[in-house]
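Going down the list, the sequences are from chains V and S. Numbered per the working numbering, the first sequence spans residues 1206 to 1366. Numbered per the working numbering, the second sequence spans residues 7 to 137.
Honestly, the hints are just simulated from the structure, not real lab data. The model shown is predicted, which means the values in this text are computed figures rather than measured ones. Don't be surprised by glycine CBs; every beta carbon is placed ideally from N, CA and C. Take these hints with a grain of salt, some might be off.
Distance ranges between label pairs, derived from CB positions [to be verified]:
| id | chain 1 | residue 1 | chain 2 | residue 2 | range |
| --- | --- | --- | --- | --- | --- |
| 1 | S | Gly121 | V | Asn1241 | 22 to 32 Å |
| 2 | S | His68 | V | Glu1234 | 42 to 52 Å |
| 3 | V | Val1302 | S | Asn106 | 39 to 49 Å |
| 4 | V | Leu1342 | S | Leu94 | 17 to 27 Å |
| 5 | V | Gly1338 | S | Asp72 | 18 to 28 Å |
| 6 | S | Arg116 | V | Ser1323 | 28 to 38 Å |
| 7 | S | Asn106 | V | Arg1250 | 37 to 47 Å |
| 8 | S | Met127 | V | Val1313 | 54 to 64 Å |
| 9 | V | Arg1250 | S | His68 | 40 to 50 Å |
| 10 | V | Ser1341 | S | Gly126 | 22 to 32 Å |
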Amino acid sequence: MIEIIVVEDRKRNLYVVEIQDNGAGMSPEVLKQATNPFFTSRKTRKVGLGLSLLKQNAEQAGGGLQLFSAPGKGTTVQATFQFDHLDRPAPGDLAEVFLLAAIGHDKVRFCYRHTTGSGSFSIDTAELAETLGEVSLAVGEVRRAVAELIQNNLEAIGATR
Amino acid sequence: MEKITSLADLKRIKEQVQSKIKLREQSASAEKLVQIRVGMATCGIASGAKETMSFLIEETEHQAIDAVITQTGCMGYCYAEPTVEVTLPGRQPVIFGHVNRERAREIIDRYIIKGELIDGMIPVNFKTIDE
């Protein structure tokens, strides 16, 4: 299961993105190296840029990156940005990203929760699967409907675009 | 049309399309599916793999191709991202590099539908001297 938690806290001037999984986790040695761009657990190449770039983006926006992980317990990545910082990257199309991740990994359960000063919205692929029955999320009409559902709800709580 | 804001609204949409989908699914048995994997690591995303994947989902559906489209990590061909691996039923997987919308269309129209070989395939059995 992967949880994606976004919190927009304008009062404290924060935009926080947290991603948690219940996967294999990392040993302390790997955890220490995880944000080093020249470290990766892969064999196909020698660089690992994902976490290092996220860290760079967070730090450039006056925030930072925190990693918590233990073998067998899973991993939590928390990136904090200053909300009004000029270098805070735009979040992009969150509905599309969620949908592509869910369609692209149909065996993984994704939970996404987005909280702003005016409310909270959450969506869970397990709930979606229950609603949709045997109909796939990848079917055009369904896909567009879910994207609209997410967009309408994010709009309703005034999520930053 | 009413705004979709809840799972109940989604259920309504699902019921509208369900009958149509049943017909579609019966025609597709697992071994007839085209499997498409899109490289979505940092390198892929930075090169536009999100647009490529969206386009592949829409276009295969539009052309009524029974395809399963999934995401994968980096295959080590960062220089050629976005990369897409296509497995036609009963065939070896083939990896294509630099797959933007135009290339994705070419892959669907020529490789998936007609089975023609096209430029830009990455030879996966290639080995470097170190290996």
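Structure-based check of all given hints:
1. Gly121/S to Asn1241/V: 22 to 32 Å: Check failed, 45 Å falls outside 22 to 32 Å.
2. His68/S to Glu1234/V: 42 to 52 Å: About 49 Å separates the Cβ atoms of His68/S and Glu1234/V, which means 42 to 52 Å holds.
3. Val1302/V to Asn106/S: 39 to 49 Å: violated, 19 Å
4. Leu1342/V to Leu94/S: 17 to 27 Å: Given about 24 Å between the Cβ atoms, the range holds.
5. Gly1338/V to Asp72/S: 18 to 28 Å: For Asp72/S against Gly1338/V, whose Cβ atoms are near 20 Å apart, the range 18 to 28 Å holds.
6. Arg116/S to Ser1323/V: 28 to 38 Å: Violated, at about 50 Å.
7. Asn106/S to Arg1250/V: 37 to 47 Å: violated, 22 Å
8. Met127/S to Val1313/V: 54 to 64 Å: violated, 29 Å
9. Arg1250/V to His68/S: 40 to 50 Å: violated, 35 Å
10. Ser1341/V to Gly126/S: 22 to 32 Å: Holds - the Cβ-Cβ distance for Ser1341/V and Gly126/S, about 30 Å, lies within 22 to 32 Å.
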